[in-house]
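Undergrad: Each chain, letter by letter, is given below.
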Amino acid sequence: MNSLLVELISWLIFFFGVGAPLYLIFAAIGIRGFKEITSYEPYNTLLYRINPIVKIALSITVMIVAAITIWWIGAFLTIAILASYLDLKNGKRKLVIGMLFVVSTVVGTSWGYAPFVTSSILSIAFPGYHPVVIWAWPSYFSIMGYQPQLTLQAVEYGLQISFRTSSIMMSALLLVMTNTPSQILRTLHKISIPDSVIFSLMVGMKSIPMVFTYLDESIKIQMMRGLGSRHSRFLKPFYMLIGGIHAIVPTIIHLLRGAKDIAISADTRGFRATKKRSYVEDIRFTRTDYYAVIIIVAILTTAGVAILLGFGRTIPYVT
Amino acid sequence: MNAIEIRDLEFRYLGSKKPSITVPYFSVSEGESVLITGKSGSGKSTLLQCINGIIPHIMNGTRRGETYIFGEPVSKARLPNISRTVGTLLQDPERQVMNYRVEEEIVFAPENFNLDKDTILQRMEDAIQGVAIESLRGRETTKLSGGELQRVALASVMSMDPRILILDEPTSSIDPEGTREIFKFLKNEKGKRTIIIVEHKVERVLPFVDRIVVVDNGRIVLDGPTDRLIEEAHNLIDLGVEIPSHILIANKLGIRASGIDEVRRIARERGMIPHERARSNGGPVAFRAEVSVSYNKNFRLAAELACRAGTIHAVMGRNGAGKSTLLKGIIGFIDKDQAAFSVSMDVEDKKLRNPEMRVAGRYLGFLPQSFDLMLINNTVEKELNYSKKVRKLNGVDELIENLKGIFSLSDYAKSDPLTLSQGQRRRVAMAAMLASGAKIILMDEPTSGQDYMHKQNLGREMAQLKGLGYTFIIVTHDSRFVYEFADWVTVLDFGKVVLQGTPESVFSKSEYYGVVPPSEFVLRYENEQLAS
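Residue numbers (our numbering), protein chains in the order written: chain X, 177 to 495; chain Y, 68 to 599.
Possibly wrong hints are sitting among the right ones.
What the hints assert, rightly or not - Heads up, simulated DSS-like pairs for lysine-lysine below, C-alpha to C-alpha not over 30 Å straight-line:
1) K85(Y) <-> K481(Y)
2) K403(Y) <-> K210(Y)
3) K533(Y) <-> K418(Y)
4) K436(X) <-> K481(Y)
5) K451(X) <-> K366(X)
6) K436(X) <-> K459(Y)
7) K481(Y) <-> K449(Y)
8) K366(X) <-> K533(Y)
9) K184(Y) <-> K451(X)
10) K85(Y) <-> K436(X)
11) K417(Y) <-> K481(Y)
12) K418(Y) <-> K412(X)
13) K84(Y) <-> K436(X)
14) K412(X) <-> K259(Y)
15) K459(Y) <-> K533(Y)
Keep in mind the hints are simulated off the structure, nothing from the lab.
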């Protein structure tokens with residue numbers, strides 16, 4: 177192949193891996209999109225009626241199954257959970273945001289691993305490893321730590337890792353989008369999770385949407401002060417990334433100042449006053465929850481069968 | 068028995084050489100209402116934290132002496148148990164409220180105390196009625212205004228039925244209507260339980276308390292009946308306490324009246340009325356903006372704003388009137404997928420229509436309420452030079468040096484801005500914004516949560532900058548600040564401009580739109596004459 181063409185394609189692949197996730201996160205999803213998929217909104221469909229305990233169990237199940245089975249089972253779980261977003265308030269929009277988020281995670285994580293993974297690791301990961309070369313990088317790419325060739329197995333390895341995280345993130349977001357912090361507090365208290373853990377989770381649930389609000393405001397102010405003002409609009413996502421990085425410290429400090437007040441607010445209102453806590457609204461286990469439990473059992477069973485059929489992927493993927 | 072008693076108390080925070088509070092003896096009787104005031108950083112909040120048990124149970128530091136709540140030492144009780152007796156309302160409701168629905172927030176404390184369901188529901192009903200928030204039932208806390216949220220937070224504290232109620236600057240970050248409701252509640256509760264309120268708005272709280280305590284430099288420097296405020300008025304101003312104008316006049320007149328109507332009558336009889344405030348007419352119109360924002364069918368903002376060069380232009384109105392939306396519309400901070408909006412503006416002989424933020428930023432500077440979010444650099448010096456660096460501005464070195472002088476930042480040039488005090492951080496943020504080269508400065512609630520001394524400093528700085536050609540547009544609820552420093556006022560209501568003019572002309576009609584005139588205005592002018 178023409179060496180110039182090889183150079184061009186190599187750099188295109190490189191910039192795709194680096195640029196596509198950034199574009200998806202900052203331009204396509206945006207800070208408002210992140211806020212939407214990390215906030216609870218009241219609604220009354222099946223997903224909102226399922227007991228939070230069941231949703232927590234689902235998240236744990238998804239985490240286990242995605243970790244111990246082959247990548248396409250993780251991918252299937254991700255797609256199934258994403259499809260369930262249609263049942264949420266503004267479901268279509270949340271599905272689109274979720275999909276963009278998954279794509280950015282998969283592309284970013286796969287590209288973060290695939291070019292760097294060595295054949296020694298791949299030979300452990302894939303018994304009887306016969307590399308299928310997809311692309312040969314120019315030799316000087318090794319300066320960036322790239323392996324000389326990109327193999328199909330390396331991409332599969334990257335996908336394996338990315339679908340472990342994407343399915344877990346999607347199921348965790350489902351819990352956050354369909355339950356209020358107090359519902360989760362009640363649930364976790366009932367299953368005897370320590371108060372300190374519950375409180376951290378509550379603070380997290382309150383803080384995450386605020387993180388995006390503060391980051392958004394800080395980035396906009398930087399833009400007003402001149403960030404990216406001398407460059408093309410095309411580079412705006414890149415400058416938003418720079419602005420986002422600059423905004424991290426003031427945002428965290430602002431949040432920490434708030435977190436101290438939340439701790440004071442809880443402790444001065446009797447949090448941890450007694451070992452037991454009473455509830456005005458009790459969370460009941462309904463027929464819907466039993467159906468959901470059957471689905472969880474089915475997922476676990478499928479994972480077991482998959483492992484028995486040789487689709488387990490546990491030990492080699494030590495990441 | 069005393070509800071609160073403090074003996075030989077001294078507390079210093081970790082790493083601090085000087086004690087933040089030293090109190091040889093202090094007590095509050097059961098049923099008494101006490102106002103604690105003093106400038107920011109004087110030790111008021113530390114004193115409160117020694118009473119409600121935050122010190123020593125959450126805050127670390129060196130402590131000696133003891134606080135007793137109904138005879139029980141605070142240091143020996145568990146904090147959740149102290150909260151059965153002492154209820155605390157914090158300054159910022161957004162940081163206090165942690166539940167999604169109003170009812171969930173109110174029952175949070177009784178549920179923590181493991182009360183039975185019927186008792187919890189009864190407590191919730193009592194709290195809702197006591198704080199008069201029936202209209203907020205079923206609402207989401209994330210969609211409430213600051214004033215509504217603060218009343219929900221208050222109801223959640225009241226649901227504990229505390230014998231001692233502590234209110235830490237409860238109105239500092241809320242609108243006048245929310246403030247009025249909080250004070251109405253205070254009036255009803257007076258005498259029913261022991262109340263301690265920390266507040267800068269001395270003028271508003273005075274009728275509801277029995278006693279005033281002034282804290283300065285970590286010590287109680289005044290403790291007595293509210294009449295002492297009149298006697299000590301001029302000394303207290305030096306301590307950063309916001310003394311109502313009519314009390315200063317009463318003090319000058321040598322009378323003990325504290326009611327504004329009586330003071331006005333006597334002052335007029337004796338020919339002592341406040342002098343007329345000078346207002347800048349400014350030069351030509353430096354900035355004109357037409358903003359239209361439509362969030363949904365329920366809210367639409369359509370407003371025009373014109374500001375003369377070298378003036379301070381205040382935008383006032385009820386919560387939800389559209390003030391912040393107007394500001395955000397001007398600077399383009401509104402998400403286009405959330406609202407239909409358009410802005411056209413004339414600035415520095417240029418016509419801009421829906422400019423990008425980075426373009427608008429050449430002419431407009433914006434100081435948000437959470438100004439910490441602006442401070443992205445690790446030294447004050449770099450913060451001031453940020454716009455110069457990213458815009459590649461030439462000839463601004465002198466401006467930056469001048470700003471360091473105006474805002475007293477020269478000594479902190481190498482310091483990390485986020486480690487400075489609140490007042491210093493605000494000055495760094497303001498100087499950094501001015502160093503961008505923009506001459507039209509927009510500020511969202513710049514006086515919110517600030518004590519009298521800091522507000523006066525801010526007003527003086529702005530007055531000085533006016534002389535250098537800067538024009539300010541400020542959104543504020545602070546009538547006194549506006550009367551003292553602004554040249555022009557625009558009042559919004561339901562997204563429309565309903566009043567415009569000098570503070571004198573606007574305050575004569577503004578109460579109808581939720582803008583309470585300050586006491587200096589009431590003393591100076593006969594409302595009925597202005598209205599005619």
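Undergrad: Take the hints in turn and mark each one as holding or not.
TA: Comparing the hints with the structure gives:
1. Restraint check for K85(Y) and K481(Y): the C-alpha separation of about 24 Å stays at or below 30 Å, so the hint holds.
2. At roughly 20 Å between alpha-carbon atoms, K403(Y) and K210(Y) fall within 30 Å of each other, so this suggested pair holds.
3. For the proposed pair K533(Y) and K418(Y), the alpha carbon gap of about 23 Å is at most 30 Å, so the pair holds.
4. As the CA atoms of K436(X) and K481(Y) are separated by approximately 28 Å, the hinted pair is consistent with the 30 Å bound.
5. Taking the CA atoms of K451(X) and K366(X), the gap is near 11 Å; set against the 30 Å cutoff, the hint holds.
6. With a C-alpha separation of about 40 Å, the suggested pairing of K436(X) with K459(Y) is violated against the 30 Å cut-off.
7. Proposed proximity of K481(Y) and K449(Y) is supported: the alpha carbons are some 9 Å apart, at most 30 Å.
8. For the proposed pair K366(X) and K533(Y), the alpha carbon gap of about 61 Å is over 30 Å, so the pair is violated.
9. For the given pair, K184(Y) sits about 17 Å from K451(X) by alpha-carbon distance, which is consistent with the 30 Å threshold.
10. For the proposed pair K85(Y) and K436(X), the alpha carbon gap of about 23 Å is at most 30 Å, so the pair holds.
11. For the hint linking K417(Y) to K481(Y), the alpha-carbon distance of about 38 Å lies beyond 30 Å, and the restraint is violated.
12. Our distance criterion of 30 Å between C-alpha atoms is met by K418(Y) and K412(X), whose separation comes to about 24 Å.
13. Simply put, K84(Y) and K436(X) have alpha-carbon atoms about 23 Å apart, close enough for the 30 Å limit, and the pair holds.
14. A C-alpha spacing of about 59 Å is found between K412(X) and K259(Y), which places the hinted pair above 30 Å, so the restraint is violated.
15. The suggested pairing of K459(Y) with K533(Y) holds, with an alpha-carbon distance near 26 Å, which does not exceed 30 Å.
Comparing the model with each earlier hint shows violations of hints 6, 8, 11 and 14; every other hint is respected.
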